[in-house]
Amino acid sequence: MSPSAAVEVIHDDEEQGKEPSCSCNSFTDGVVLKIEIAGSTVQSSMYYLDRTQYDVEKPYSMRYLPDGIPQSNFKKVKYPMTVKSMRKHGVDSFRLNECGFQRIELNSKLSYEEFWDNQRVQEVYIEEVKDALKAELGAKHVHVLDYAVRKRHESFPISTGKEYESDFTVEEVERMVKVLYGDRADEILKGRWQAINLWKPIKGPLNDWPLGLCDARSMDFENDTIPSDIVFDDFFTENLQILHNPNFEWYYLPDHNTWEALIFKSADSEESEAPGM
Numbered sequence: 001m002s003p004s005a006a007v008e009v010i011h012d013d014e015e016q017g018k019e020p021s022c023s024c025n026s027f028t029d030g031v032v033l034k035i036e037i038a039g040s041t042v043q044s045s046m047y048y049l050d051r052t053q054y055d056v057e058k059p060y061s062m063r064y065l066p067d068g069i070p071q072s073n074f075k076k077v078k079y080p081m082t083v084k085s086m087r088k089h090g091v092d093s094f095r096l097n098e099c100g101f102q103r104i105e106l107n108s109k110l111s112y113e114e115f116w117d118n119q120r121v122q123e124v125y126i127e128e129v130k131d132a133l134k135a136e137l138g139a140k141h142v143h144v145l146d147y148a149v150r151k152r153h154e155s156f157p158i159s160t161g162k163e164y165e166s167d168f169t170v171e172e173v174e175r176m177v178k179v180l181y182g183d184r185a186d187e188i189l190k191g192r193w194q195a196i197n198l199w200k201p202i203k204g205p206l207n208d209w210p211l212g213l214c215d216a217r218s219m220d221f222e223n224d225t226i227p228s229d230i231v232f233d234d235f236f237t238e239n240l241q242i243l244h245n246p247n248f249e250w251y252y253l254p255d256h257n258t259w260e261a262l263i264f265k266s267a268d269s270e271e272s273e274a275p276g277m
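Under full-length UniProt numbering, the first residue of the sequence shown carries the number 1, and numbering increases by one thereafter.
It should be emphasised that the hints constitute simulated quantities derived from the structure, not laboratory data. The reader is advised that the hints may include incorrect statements.
[To be verified] Here are the simulated lysine-lysine pairs, DSS-like style, with alpha carbons at most 27 Å apart: (1) Lys78 x Lys109; (2) Lys130 x Lys190; (3) Lys140 x Lys178.
Please read all numbers here as calculations on a predicted model, not as lab measurements.
My request is simple: use the sequences and hints to build the entire structure.
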C-alpha cells in the first residue's frame, strides 16, 4: 500500500552548482516486484519491450478504444532478474545524482485511514512531501501534480506491474513545464530541472511486492531505451520504454518502513548526472 508522487526539480540560473529546487508535476507508480523471500539477493522477473520489433515503427499505447487500429503495438518479453538488497549494500550509499535513486526520511502525521481522505492528503501529506524534498534537495519550490494510493484486492492481488518504463522523456518534461509555467517556462528551462518520483508504504514494514529500482550506472541509455507515445482521447504524452540488458543492476528495500520514502528520477536536464530511469 503506497502513495506515490513525482517531482520536477528546477535550477534557476543563480543556483547553478547548488542542490536543485523541486516542482512536483509528474506522476508514477514505479516497478513492483514479486519477491518470495526478503534477503540479501533474490530472484524475480520483468517484462521488457522486445528489441526486435521497432526499427520502423514507434511504440505506442492508446488509453481508449480506437477504431480500426490496435490499441497498442507493445510486444513484451519476460526475462529473469537478480534483485539485490539496498540494506546489504549500504542503503545510504545510493544517491540520486549517482545511481538515480535514494532513500529519504518522510514521517507523515497522517494515520493509515487518513490516506484514503483526499482532503487530508492534499492538506497534510502533499505539504509533507514538499517539505521533505526541499530539505533533502535544497529545493526552493515544489509543485505536486498528482498522487495515488494503491491497494491490492484480496481476491485479485495484482501489483502496479512487472514491466519497466521511465515516465517521461526530457522533451515531454519540457512540454509540461511550458503548460504549467506559461510565461516563466523559458526562464525555468534555461536552468537545471529534474523530474523525480516519490514512493513510500503507508503500512509496514513492507516486504510483499516491493519497489524495484535499477542503478542508472548499469544502463546504456542510448541503446537500452526507446521513446513511446501514450495516447489519450484528447492529448498524448511520451515516456521511455526499457529494453533488456543483462548488465542491469536491480535493487529493492527489504523491511521498507513507513518513514522511509524512495525517490527516483524520470528525467534530468543535467546530462552529467545520473539520467532518468
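Hints versus structure:
no.: 1; hint: Lys78 x Lys109; in the structure: violated, 40 Å
no.: 2; hint: Lys130 x Lys190; in the structure: holds, 23 Å
no.: 3; hint: Lys140 x Lys178; in the structure: holds, 19 Å
In terms of the numbered hints stated before, the structure departs from hint 1 and from no other.
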